[in-house]
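The residues making up each chain are set out below.
There are 2 protein chains.
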Amino acid sequence: MKKSLLIVLLASHGILFGQNKSDSIMIKNIYNEVLTHSPIYENLRFLCKEVGNRVSGSTGASAAVEYTRQLMLKYDFDTVFLQPIMVPNWKRGAKEILKITNSKKLGTVELNGLALGNSIGTGAKGVLGEIIEVGSIEEAELLGPKIKDKIVFYNGPMDPTLLETFSAYGQAVRQRSAGASVAAALGAKAIIIRSITQSLDDVPHTGSLRYDPKIKQIPAMAISTKQAALLSRLLKDQADLSIYMENYAEMLPDLPSFNVVGQLNGSEFPNEFIAVGGHLDSWDVGEGAHDDGSGCMQGIDVLRTFKALDITPKRSLRAVMWMNEENGGRGGKGYAKYSTSHNENHIAAIESDRGGFVPRGFTSSGSDQQIKTLISWKSFFEPYGLHDFDKKGGGADIGPLSEQGALLIGLLPDGQRYFRYHHTNQDVFEAVDRRELELGSASMAGLVYLLDKYGMGK
Amino acid sequence: MKKSLLIVLLASHGILFGQNKSDSIMIKNIYNEVLTHSPIYENLRFLCKEVGNRVSGSTGASAAVEYTRQLMLKYDFDTVFLQPIMVPNWKRGAKEILKITNSKKLGTVELNGLALGNSIGTGAKGVLGEIIEVGSIEEAELLGPKIKDKIVFYNGPMDPTLLETFSAYGQAVRQRSAGASVAAALGAKAIIIRSITQSLDDVPHTGSLRYDPKIKQIPAMAISTKQAALLSRLLKDQADLSIYMENYAEMLPDLPSFNVVGQLNGSEFPNEFIAVGGHLDSWDVGEGAHDDGSGCMQGIDVLRTFKALDITPKRSLRAVMWMNEENGGRGGKGYAKYSTSHNENHIAAIESDRGGFVPRGFTSSGSDQQIKTLISWKSFFEPYGLHDFDKKGGGADIGPLSEQGALLIGLLPDGQRYFRYHHTNQDVFEAVDRRELELGSASMAGLVYLLDKYGMGK
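Chains as they are written, first to last, in our numbering: chain A, 1 to 458; chain B, 1001 to 1458.
Among the hints, a few may not be true.
Just a sample of chain B residues kept apart from chain A, beta carbon distances all over 10 Å, derived [unchecked claim]: (1) L1073; (2) S1103; (3) K1125; (4) L1230; (5) A1239; (6) P1270; (7) L1309; (8) K1333; (9) T1340; (10) I1375; (11) N1425; (12) G1457; (13) K1458.
Below, a sample of chain A positions facing chain B; criterion: calculated Cβ distance under 8 Å [as the list claims (entries may be wrong)]: (14) L163; (15) V358; (16) Q416; (17) R417.
Part of the chain A face toward chain B, derived, beta carbon under 7 Å [unchecked claim]: (18) N32; (19) L35; (20) P160; (21) T161; (22) Y384; (23) H387; (24) D414; (25) D433; (26) R435; (27) E436.
In short, the hints are calculated from the structure, not lab data.
Cβ coordinates follow ideal geometry from the N, Cα and C atoms, glycine included.
Given these sequences and hints, build the entire structure.
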């Protein structure tokens, strides 16, 4: 009994029957295929340069749906379909105006403001107000009534000492997501935020804010870290500095859109699904190359690699392009709802939404047993530079699949460069390296291979 | 006896007396200092943009000597000095001309040729000849007499399936370094090589060739991988394709130059030295940002960090900017000769010459015991993403210090992007990421801290 238990345990970890060796060889084949023949870089170029950016509800988003659908048809996946959802339709409108109006030192100072996603507009009358600087949401709350009728300038930096840049982002991003409603509740007219990046440069970063439905909506813009530093310096010498803001953003009624799904049918367990992909929408600046064109193209490339190597999956594999991660998450929710209502069973889902950088591991979210199994596969990936298998996390779009008991997995690329590009006009094809992008694709394909072969319990 | 041996062993690995914890704290302080306050990125900007490229013997190289000397004086290192050496003085001269003269399909085809470093020129008369393609040195040797009076086109690619790009480089680079003499021995007029890179793009890569002193020197140029692919395609349809080459490179008499050295004096063992740095010369295209401005600025930053944190080293620490790594290695040899003749004892030397990318570990070359000690420190660096401590290697400039019994260490950054930029006009400041550069600096400073504190036996 004990011996048979041991055999079961060893077999489940792929240690018996030479599986380790044959799996290593297959994973090497997968990396070789991607590094030698993958069209992923050219596919990403097309998405970035021919389709361009693709905020939910835009013509770019529609074109991206059609491009990825056709791409997967071209690769002759068993099924390619569009899964309908409704998405928010936020439009930036005409270019923002932002300026300091009364600097004793510099006179009028034009700033490069970029409205935050979901922000309302000021309209043609604009907003003029005295500016007041805070370092965080908490500091704004402490200032309380002093904020009334002011424009609040959130100037909290990302912590440069955190090696995990996403942790630093997580701390700093609250001023972007919640800052407007916190300030509005205290009577502020508008907010400006320091861009959420560790870089010191001239690039403003957009990104979504969430208005508290119980609180008045006020306009919100980001400025670059260099302009934030300038504004802060000027404020030190002159407390009554005023700013004029003008922008034409607006939230229009929801529009129909789609998740795009390609599938290889499972030969043994067709109702067990492994989903892999990224989100197809981006912000309306740049080209959404790292965020998240890379993840989408990698998802497609995983299935393409299976076909190229003539691997017939036992489970059904899906490349999924989720729509609307950036400002609503409708695609992720819609996909899980669709899937559950069709009695599908996702055993695992992998999302790549941290950029097309060199992979360092996988994050995960699931049962202890699931995570233990994932970690037991670490040695397959260490030769390719992936060492991090113990960090928590999944992905915004795959989160809702936890209701099916799926192991949620995030591709974890090196994060040092991500926030230079994130949500800016710098997130373009040229910022992505071919080999780094390919290695992410190959790493996910290798993991899908193991998930498909061995399955994944609950 | 056994117990005391155990204590010695444990102490030497920093396990007793809470050393592990206090060392971890100090290493965290070092990373925090660099990630928060390091001027390294601005220093590299200056070296790239104000000094520019700096091939040995050029005015750029002289300016770089003076810039780094002044920078270390500004940081108030205990000693800053120039260590004289003689360097080769190779000049590219006027822009190369390279064209296919008789394509039946395309007529005359202009190519973007870039003479290899150390190449002779053709002079104004140029060289015209039929072209013959080979995939490697070995293939050229097999062709033997068929090469006579031809221009040999070495078109061997870098192997994309090797995760360690430097291994793929090591395999492919022989056609650049030895290809001219191999072809000349068989009667060839000149050579053209496919650029040594994994990228498929329009950028030619230079780099040194070595002429066999017993064989006639012939001119040598690189073309981009895209133009190599074009040339190869045209040759498939037309075997008698001819090429015209013209260039004005020449090797002039040696010139005086310098290694630049900054030092913090050791308080307990002043004659035990730890050297850290990179090479100050670059090629004459681009700005030598990754190769090797990054390594130089990191070396200086290691000593700056010690001063900023008020750490008095027990051993003498040296930031060394070696001159002439690219086409002679005179600086590395001269530095070791100078040091040995002054009865100095280098216990370790760290070279950063694989680009300013995110660090993944350290390579090493030394005695088994030395390497064992280095590997015992791995756990200090794993929290910062450095996992690779078992790869062999040191650095071209520190190699000669092996005669002093020094442990030779190479910073091992992620290598996926390096050969996009290597020896090209693309190796510019903008290709370097601030955080990646800083993390390399901090990693070396952490290692120097341990080497200084615990020493390093032979």
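For this session: Could you work out which earlier hints the structure fails to respect and list their numbers in ascending sequence?
Result: none
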